[in-house]
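J.: Chains as they are written, first to last, in numbering that gives the first Met the number 0: chain V, 0 to 139; chain D, 0 to 197.
It should be emphasised that the hints constitute simulated quantities derived from the structure, not laboratory data.
Treat the hints loosely; a few may be bogus.
Mimicking BS3-like on lysine-lysine, the simulated pairs with C-alpha atoms at most 25 Å apart in a straight line are [said to hold, decoys possible]:
| id | chain 1 | residue 1 | chain 2 | residue 2 |
| --- | --- | --- | --- | --- |
| 1 | V | Lys34 | V | Lys54 |
| 2 | D | Lys186 | V | Lys43 |
| 3 | V | Lys61 | D | Lys67 |
| 4 | D | Lys128 | V | Lys61 |
| 5 | V | Lys54 | D | Lys132 |
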Amino acid sequence: MSEAAEDDIDDEVVAKVSDYLDGLLKGTERNDVAKKIESDPVWKQTHADMVENRKFMSGMQKAHAPPTFTEDVTGTINKRSKGRFFARKTLGDRVPFNALLIVAIIAMAAVGYLMWSSQTGSLKVEKKPAPPPPAPPPVR
Amino acid sequence: MSELERSLLRRLRDRDERAFRELIQEHRDRVFNITFRMLGNRAEAEDVAQEVFIAVFKTIDDFREESKFSTWLYRVAVNHCKNRIKYLARRPALDRSREEMDETTHGTGVNGTIGAPLPSSPQKALESKQMEKLMQEAIANLEEDQRIVVVLRDVEDLSIEEICEITGLPDGTVKSRLHRARLVLRKRLQRHIEDRHE
Numbered sequence: 000m001s002e003a004a005e006d007d008i009d010d011e012v013v014a015k016v017s018d019y020l021d022g023l024l025k026g027t028e029r030n031d032v033a034k035k036i037e038s039d040p041v042w043k044q045t046h047a048d049m050v051e052n053r054k055f056m057s058g059m060q061k062a063h064a065p066p067t068f069t070e071d072v073t074g075t076i077n078k079r080s081k082g083r084f085f086a087r088k089t090l091g092d093r094v095p096f097n098a099l100l101i102v103a104i105i106a107m108a109a110v111g112y113l114m115w116s117s118q119t120g121s122l123k124v125e126k127k128p129a130p131p132p133p134a135p136p137p138v139r
Numbered sequence: 000m001s002e003l004e005r006s007l008l009r010r011l012r013d014r015d016e017r018a019f020r021e022l023i024q025e026h027r028d029r030v031f032n033i034t035f036r037m038l039g040n041r042a043e044a045e046d047v048a049q050e051v052f053i054a055v056f057k058t059i060d061d062f063r064e065e066s067k068f069s070t071w072l073y074r075v076a077v078n079h080c081k082n083r084i085k086y087l088a089r090r091p092a093l094d095r096s097r098e099e100m101d102e103t104t105h106g107t108g109v110n111g112t113i114g115a116p117l118p119s120s121p122q123k124a125l126e127s128k129q130m131e132k133l134m135q136e137a138i139a140n141l142e143e144d145q146r147i148v149v150v151l152r153d154v155e156d157l158s159i160e161e162i163c164e165i166t167g168l169p170d171g172t173v174k175s176r177l178h179r180a181r182l183v184l185r186k187r188l189q190r191h192i193e194d195r196h197e
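Same shape as in the complex, but just chain V (with noise of 0.2 Å):
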């Protein structure tokens, strides 16, 4: 392995290759540091081994939490509050609000025909009796 010993290290020079890798640097600052790669040996062995330690970490494979991790999650959470830590849920996560809003509308429905059918009901519309025609005057 030719990388150099980790006291040889000089953190600036990392920092710059290493944005330099990143596609951090722009214009002359990039071209800068391209010319220290090509030119400088310390600068190249660091470009070297940078490049290198990226492929050799580049296949890191990821570790998955188990299925059941948000059910235990949210389980030890309710047992050690005793069920009081998430908001109380007085009508649930699971209100059929479709089916609510169904029989609202057959229950306004079903009021509004009876107070119209009622006998006293204020929706029934009575028609006013015609005005008595006016009487004739009076005979002599």
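The hints should help you fit chain D onto chain V, whose structure is shown.
T.: Same frame as chain V, but now just chain D:
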């Protein structure tokens, strides 16, 4: 911060259980990845990952939205891992042994400790598993400061900027620490591979 994230935060602060579940579903693998790579032990990693979410839920009102929510979450995860490492160091009797490490790094079943698909041939699969095990051991043997930056950068693919926010370290320190850590890992693993081939 996106409107979606703000809305989720509002619901979290209202102690909406569904919002908590959504949050866990979204971040559980990444948090578990951090804890597993930092601690090198599946059981400890699961336990700490759970504690991370519980701590986040308890202290959600303290999150001041000055950084990304995920950055805050990972900071909590890193701090919990540091505390657990200290705690485990004080308990020598607790044997975080190689057998356990084997068990955790070889699990590819339903629980899928390792998520990447296995290589096609059994020989390659074996080599890949051994390499993964070696890598996990090598990471676990890094100094804590180096381990944190390697895990955040090479396992979590976070940017240097995010790592600075999470660790509170200056940009240059993160880069040099990362470089040193990678050199150490490469050196150790290559030595191991060469030893095996001799």
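J.: Taking only the CA atoms, is the gap from D/Lys186 to V/Lys43 under or equal to 25 Å?
T.: This hinted pair holds, its Cα atoms lying about 19 Å apart.
J.: Verify the proposed pairing of V/Lys61 with D/Lys67, using a straight-line Cα cut of 25 Å.
T.: Holds: V/Lys61 and D/Lys67 sit about 22 Å apart, inside 25 Å.
J.: Taken at face value, is the distance from the CA of V/Lys54 to the CA of V/Lys34 at most 25 Å?
T.: Holds. V/Lys34 to V/Lys54 sits at ~23 Å (cutoff 25 Å).
J.: Would you mind confirming whether the straight-line C-alpha gap from V/Lys54 to D/Lys132 stays at or under 25 Å?
T.: holds, 18 Å
J.: CA of D/Lys128 to CA of V/Lys61, is that 25 Å or under?
T.: Answer holds: D/Lys128 to V/Lys61 is near 13 Å, not above 25 Å.
Of the numbered hints given earlier, the model fails none.
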